[in-house]
Amino acid sequence: MTVPIIKLGSYLIVTFQNELTDDMAVEAQDKILNRIRETEAKGLLIDLSVIDVVDSFLGRVLNDTAMMARLMGTQTVVAGIQPAVAVTFMELGLKMKNISTVLDIEQGLDLLKSLE
Amino acid sequence: MARLGVITIEYKIVTKLDVLSARNAAKHLAEEMGFSKVDTAKIDLAVSELAHNLFLHAEQGKLKFNKRLFSGRKIFEAVALDCGPGIDDLDQAFQQGFSTKDSLGIGLNSIMEVVDEFLINSKAGEGTQVIVRKWL
Chain C
0 MTVPIIKLGS
10 YLIVTFQNEL
20 TDDMAVEAQD
30 KILNRIRETE
40 AKGLLIDLSV
50 IDVVDSFLGR
60 VLNDTAMMAR
70 LMGTQTVVAG
80 IQPAVAVTFM
90 ELGLKMKNIS
100 TVLDIEQGLD
110 LLKSLE
Chain A
0 MARLGVITIE
10 YKIVTKLDVL
20 SARNAAKHLA
30 EEMGFSKVDT
40 AKIDLAVSEL
50 AHNLFLHAEQ
60 GKLKFNKRLF
70 SGRKIFEAVA
80 LDCGPGIDDL
90 DQAFQQGFST
100 KDSLGIGLNS
110 IMEVVDEFLI
120 NSKAGEGTQV
130 IVRKWL
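The listed protein sequences correspond, in order, to chains C and A. Heads up: the first sequence begins at 0 in numbering that gives the first Met the number 0, then just goes up one per residue. Heads up: the second sequence begins at 0 in numbering that gives the first Met the number 0, then just goes up one per residue.
What the hints contain is simulated information worked out from the structure, not anything from laboratory work. Glycine included, C-beta positions come from ideal geometry on N, C-alpha and C. Just to be clear, a hint being listed does not mean it is correct.
[What the hints assert, rightly or not] Far from chain A by the CB rule (all over 12 Å, computed), these chain C residues: (1) P3; (2) T20; (3) L57; (4) L91; (5) S99; (6) Q106.
[Stated by the list, open to error] What follows is a set of in silico ranges between Cβ atoms, one per label pair, in the way DEER data are often shown: (7) E9(A) - L7(C): 12 to 22 Å; (8) L16(A) - S48(C): 16 to 26 Å; (9) G72(C) - R72(A): 49 to 59 Å; (10) E115(C) - N120(A): 31 to 41 Å; (11) K6(C) - N120(A): 33 to 43 Å.
[Stated by the list, open to error] Computed cross-link-like contacts, PhoX-like style, restricted to lysine-lysine with a CA-CA straight-line distance of at most 25 Å: (12) K36(A) - K94(C); (13) K30(C) - K61(A); (14) K94(C) - K41(C); (15) K15(A) - K61(A); (16) K30(C) - K6(C); (17) K41(C) - K112(C).
Chain C with its partners taken away, still in its complex shape (with noise of 0.2 Å):
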């Protein structure tokens, strides 16, 4: 099982599955990245909206994406965080440092868009 990561006129769009082993988020930062070059995306949205848990290493994949698709000239936008998630992301003590963060998909393109 792999992530699917879709293109949407200049952005990228990936949606994270609920069933994510710490392999799979790996290979879909390089995925991602290679897709940003391959296709010149302006734009990173990265969609958790069925993600039950950020735990630290999946928040240290989302970090480290964001700040490399940034060294690539893309932003990253996270968008569909959950309540849940919300608060336990509060009690790691984790930053989203490079990321900026919308309610849904709707939102993340609209930013996208404005950030342009």
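Add chain A to chain C, keeping to what the hints say.
Relative to the frame of chain C, chain A by itself:
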């Protein structure tokens, strides 16, 4: 502490897919016991960090989940057991940002933040046992 029913689930953590099945089992047990969505997420998080530690430091280990009853209150208990290298300096291991494995160094601390009880027993060269409990 009296056992409630016979709910003890044991998982051997050898591959990364085992982490996923163990997390799912913990989540289902927590939901079934009546924990809220947020508390279930906290249990899931604690189990995930425990499983990661098994991998990172001991290569493999065991995770056990128990449903317990104490003075009429339900308790979710997770036990992580490994025969890895153990922890030399427990105080150091609990410092925010400290890591021997180039990870974020927030694992142990974050487990403590999300559970009600945390017990750790570790001897260098012999292994580590961690017990966490969440009260309903």
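Open item on the list: Next pair to validate is K36(A) with K94(C); report whether the Cα-Cα distance is within 25 Å.
Closed with: holds (22 Å)
Task: Whether the CB-CB distance between L16(A) and S48(C) falls inside 16 to 26 Å - done: At 24 Å between Cβs, range holds.
Open item on the list: Can you confirm whether the C-alpha distance between K30(C) and K6(C) stays at or below 25 Å?
Closed with: holds (13 Å)
Task: Hint consistency between K94(C) and K41(C) [alpha-carbon to alpha-carbon, up to 25 Å] - done: holds (23 Å)
Task: Assessment of proposed distance window 33 to 43 Å (beta carbons of K6(C), N120(A)) - done: violated (51 Å)
Task: Given as non-interface: T20(C), which should sit over 12 Å from chain A by C-beta - done: Check fails; 5 Å does not lie beyond 12 Å.
Task: Status of the stated non-contact between S99(C) and chain A (beta carbon gap over 12 Å) - done: Per Cβ check, S99(C) is outside 12 Å of chain A; nearest 21 Å; holds.
TODO: Mind verifying the non-interface call on Q106(C)? Its CB should be farther than 12 Å from each CB in chain A.
DONE: holds (23 Å)
Open item on the list: For L91(C), is the shortest CB-to-CB distance to chain A above 12 Å, so the non-interface label stands?
Closed with: violated (5 Å)
Task: Hint check for R72(A) and G72(C) - Cβ pair distance inside 49 to 59 Å - done: holds (54 Å)
TODO: Measure nothing beyond the straight line between the CA atoms of K30(C) and K61(A); if it is 25 Å or shorter, mark the hint as holding.
DONE: violated (32 Å)
Open item on the list: Within 12 to 22 Å: is that where the Cβ-Cβ distance between E9(A) and L7(C) falls?
Closed with: violated (45 Å)
Checked against the numbered hints given earlier, the structure breaks hints 2, 3, 4, 7, 10, 11 and 13 and satisfies all the rest.
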